[in-house]
Amino acid sequence: MDATEEALQPQSFKAARIRLIAGGILQLIVGIDCAYQFAYATYGLYYFTYFPATVEHSFLYSPFFKFCQFAFLTPWFLIMALGSLSMRRWARSLTLIAAGAMLILGISILISTGFVRPFFFRLLPHPERMRFDISYPFLRGTIIFVAQKYIAFPVILILLYSDKGLKQICEHFTPRSSWTDRRPLPVLAASFLLCFQLYPLSRIFSSQQELISVGWLERQAVPQATVLVIGLTYIIARGLYQLRTWAWWSAIITTPLFFISFTTRYIQGHYAEIIYHARYYENTPGKMEALNVISDVWLPALLVMLCLMAFLVYIKRYFKDNAASPIADHNPRTKEDTIPPAP
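Each residue of the sequence shown is one higher than the one before, starting from 1 at the first, in the working numbering.
These are computed hints drawn from the structure, not numbers from a lab. From a predicted model like this one, the values you see are computed outputs, not experimental measurements. Glycine residues also receive a C-beta, built at the ideal position from the N, C-alpha and C atoms. Treat each hint with caution, since some may be false.
Computed spacing ranges between beta-carbons, pair by pair [to be verified]:
(1) Tyr-314 with Val-155: 14 to 22 angstroms
(2) Ala-39 with Lys-149: 28 to 36 angstroms
(3) Lys-316 with Gln-148: 28 to 36 angstroms
(4) Lys-149 with Lys-316: 43 to 51 angstroms
Please construct the entire structure, taking both the sequences and the accompanying hints into account.
What follows is the structure, encoded as structure tokens:
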């Protein structure tokens, strides 16, 4: 029995292992569910491709978004589950980052869906408010679903993985530090959260229904613009990981620009078209459509943007005026990179 086991034995060592295994099993279950959703989205792509006459034109791209979403989430949760069951350091760090981001998103959606949207709809005239009263039970079900998926699940992961003894367990089973240990966890989280901003931009650049015209930018330039944005985001995220001051300022500037691009996309009528073709609110006045856009799109995006901006301001203390990183990049296989067991 080494020093780590002696420090955590008998209850703490076993409890920490149980928490890590429980987190791995939980993420494995979610990964299997995402794999099922990925298969369903793949079938949806096939259905909408070969039977285009059976659906409205505005829904042709909805399966594509689900396909991309679950194509990312399925391997993510499966890899995090296997890493947790193997007691890997990187699995703990990345799980905490993803759970924190999911919790912020869930709180933003819950605020807009559970509080702002009912408040706005109560201000409508009586005939329009009746539609909201009829759909209110469905709204309550949506609130419960959001609370379970985007709040309860990440809170459970944070409680399981934030234990100090669990960190010592991971260091005990994997003595060599990984790339996630070379930077403070908040800086690593900022690098990952910046990449998640590509999701709203994917809805802009992948749309074929409306012409994107910003000066010289035409529809034919959409693939080039997508590659440009992905490359720019990667450069900034890598700069944040390397603790570059210019990357921090670039993130501060591009985050509001991404929000403006996201909201401008819906100003062009995409959200109203989805409501119309889905036949949720046929012949609905423009006021109700505007309230839907505010409560379901703008407000969550605004809250997420403000949280990310506040988080970037918080991690400013890790960045120095000189471009050199205060934490040296070194090979994790060297002897100096091996962290000794806790005394």
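Range agreement (Cβ of Lys-149 with Cβ of Ala-39, hint 28 to 36 angstroms): Since Ala-39 and Lys-149 have Cβ atoms about 19 angstroms apart, the given range 28 to 36 angstroms is violated.
Cβ separation of Lys-316 and Gln-148, checked against the hinted range 28 to 36 angstroms: holds (35 angstroms)
43 to 51 angstroms as the expected CB spacing between Lys-316 and Lys-149, which holds or is violated: violated (32 angstroms)
Supplied distance hint 14 to 22 angstroms, evaluated on CB atoms of Tyr-314 and Val-155: Since Tyr-314 and Val-155 have Cβ atoms about 21 angstroms apart, the given range 14 to 22 angstroms holds.
This entry does not satisfy hints 2 and 4, going by the numbered hints stated previously.
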